[in-house]
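Enquirer: Here's the letter readout for the chains.
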Amino acid sequence: MKEIVIISGKGGTGKTSITASFAMLGGKDIVVADCDVDAADMHLLMQPDWERSEDFYSGVIAEIDQEKCIKCGKCADVCRFNAIPIIDEKYVVNTLNCEGCSYCFHVCPADAISMNEQNVGEWYISNTKADNVMVHARLGIGAENSGKLVAKVKNEAKRIADETDKQFIVVDGSPGIGCPVVSSLSGADFVVLVTEPTVSGLHDLKRVYELVKKFNIPAGCIINKADLNTKVAQQVEKFLKKEKITYIADLPYDETFTKAMTKGQTIVEYDDTNLKNIVVNSWEKIKEHTNKI
Amino acid sequence: MKIAIASGKGGTGKTTLSVNLASFLAESRKVVLCDLDVEEPNSGLFIKGKLIHREDKFKMIPEWEKDRCTLCGHCHKVCNFHAVIQLGDQIMVFPELCHSCYACSELCPVDALPMIPQKMGELKQFKKEELSFVESRLDIGQEQAVPLIAQTLEYLDKNFDDDFIKLYDAPPGTSCPVIEATKDADFVILITEPTPFGLHDLKLAVDTMRELKKDFGIIVNRHGIGNNDVLTYCQKENIPVLSKLLNDRRVAELYSRGNLIYQKIPEFKKQIENIADYILKLQKEGIR
Ligand code: SF4
Ligand code: SF4
Ligand code: SF4
Ligand code: SF4
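Taken in sequence, the protein lines are chains A and B.
In this text, residue positions in the first sequence follow my numbering: the first is 1, and each later residue adds one.
In this text, residue positions in the second sequence follow my numbering: the first is 1, and each later residue adds one.
One thing to keep in mind: the hints can contain errors.
[Unchecked claim] Restraint-style ranges between C-beta atoms, simulated for each label pair: (1) A:E255 to B:T232: 12 to 22 Å; (2) A:E67 to B:F94: 32 to 42 Å; (3) B:K284 to A:N127: 52 to 62 Å; (4) A:K28 to B:E129: 52 to 62 Å; (5) B:E55 to A:D49: 46 to 56 Å; (6) A:G27 to B:I116: 28 to 38 Å; (7) A:T164 to B:R54: 48 to 58 Å; (8) B:D157 to A:Y57: 32 to 42 Å; (9) A:S53 to B:G224: 46 to 56 Å; (10) B:T232 to A:S114: 24 to 34 Å; (11) B:K30 to A:N281: 45 to 55 Å.
Read the hints as simulated data drawn from the structure, not as lab findings.
Nothing here was measured: the structure is a model prediction, and the numbers come from that model.
We put the beta carbon where it would ideally sit given N, CA and C, even for glycine.
Taking the hints into account, I'd like the entire structure generated from these sequences.
Expert: Here it is as structure tokens:
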């Protein structure tokens, strides 16, 4: 079983639309994981049945029992996150600021502080219209620990792929370079970078590739909207050569992707042979490269 | 006045709006634009200003002093993030997991874990004509954006007084970095695309802003692609739509080159002008 992770650094490059197309093409040979838990959109194209759902608990948050509190102020003194303001002469926890470090809990002389487990989201196992299983999630508002939820989604996908003897896991990764994308990348066999030929696209591609390099994972790249700026597209290609990143394909600037999305479809279901062929060939190439590893 | 420009989903035009609006406003007002998308800061690519200040930014992490340590194991028990671990007669610190809460350090009975600064990124301030621009950039391998965002906002507070219109280019999403970047804003502009993805992520962003009890309005970018569901939603939820930015390949091309758009496309300039008027009106009405 091999794990293919699709990431982009920058948002809006078409990563999810492309990943969902691969998920359609992979069909019952794969398990799908949507690790972009912060903006989980893939279900809009995969029409999952939400067969199983589970709450996800991670981390703790402080709560002050006003009956027991003797208002000594020690908790507020030690809290480095301004999470214990005084409101109406009471020490209370600001739940959005609380990082769950428990420092206040350890110093409270009156045993007035409890640390409670926090529900930070939900995760799901679904059957999709592509005849495969998809693991996905929803992160609660302002939640911390999105990296942990990402890890959970990936581990479940892995477990299912192992148990059902699937060839690949296809992962829609998170944006940025922080903890969620680190969790998305760990354990990957092949990374697909989806970029666009814009100065910001190139900038973010370089940054996220620095991270990929730290993990030592072989990578390939799809240039979306390639004809938008041929000069920057050439710079992207130059960068790929220099870093020995496999060039996979160019996709044109084309609103057909959006049209398909509006109908809840991936490009491979939509009536556009040219785009469809490019995506099909990309998927074949990616499988070939991943199998070689 | 502090205005955050945010979006549930990345790539909906947050940076385009930030840089064009800031540059336009700076023609007549005191403005500072701050890129708080510290994982992938992009605004600077459009504002090629003169560097006037740079500084490294640090977070505090514990450092083990072996000679003093009695191996009592308290630090290991105290740390909720598994960032300090006792392994046999060794104490190991994992800086990328540390939240700098100081608990291990200050609760160590023999002071064997002093907090020392570790570089997590850098902050730069630029000036382009009348526009001030501040950006912070997280070092690769650092996993937590929140401390750097918090320090950048502190820098802004210290160096720019209340006469300034402060525009924040916030990170995408709805998790902790976005909260940090929007929590002290007076008004939040959510920018979205009129597509199913755009609508889905917009709803999450709206829920987040309501949870934070923020005043906010919406800008629809690339108006005309996709469908009308976003507008219908805004109407139903009584959310003001500040503008519907045009969908035009020329905009995408200018963006791809790192150019400002309002200087080249008059229709776009008119739209930016209207958004600027809206903000100035808010300022007058006393949302400070
Ligand atoms: S758990 Fe930590 S962050 Fe939360 S209130 Fe207590 S000291 Fe502050
Ligand atoms: S440390 Fe405990 S007793 Fe003191 S103010 Fe905080 S909650 Fe109350
Ligand atoms: S708390 Fe201090 S003395 Fe105890 S094991 Fe940790 S570093 Fe050593
Ligand atoms: S400072 Fe806090 S988070 Fe960092 S190692 Fe110590 S206890 Fe853990």
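Enquirer: Each of the hints needs a verdict: does it hold here or not?
Expert: Hints and how they fare:
1. A:E255 to B:T232: 12 to 22 Å: holds, 21 Å
2. A:E67 to B:F94: 32 to 42 Å: holds, 38 Å
3. B:K284 to A:N127: 52 to 62 Å: holds, 55 Å
4. A:K28 to B:E129: 52 to 62 Å: holds, 59 Å
5. B:E55 to A:D49: 46 to 56 Å: The hinted range 46 to 56 Å holds for B:E55 and A:D49, with Cβ atoms some 52 Å apart.
6. A:G27 to B:I116: 28 to 38 Å: Hint violated: Cβ distance 53 Å, outside 28 to 38 Å.
7. A:T164 to B:R54: 48 to 58 Å: About 53 Å separates the Cβ atoms of A:T164 and B:R54, which means 48 to 58 Å holds.
8. B:D157 to A:Y57: 32 to 42 Å: holds, 35 Å
9. A:S53 to B:G224: 46 to 56 Å: violated, 36 Å
10. B:T232 to A:S114: 24 to 34 Å: violated, 44 Å
11. B:K30 to A:N281: 45 to 55 Å: holds, 53 Å
Figure legend: structure checked against the earlier numbered hints; hints not met, in rising order: 6, 9 and 10.
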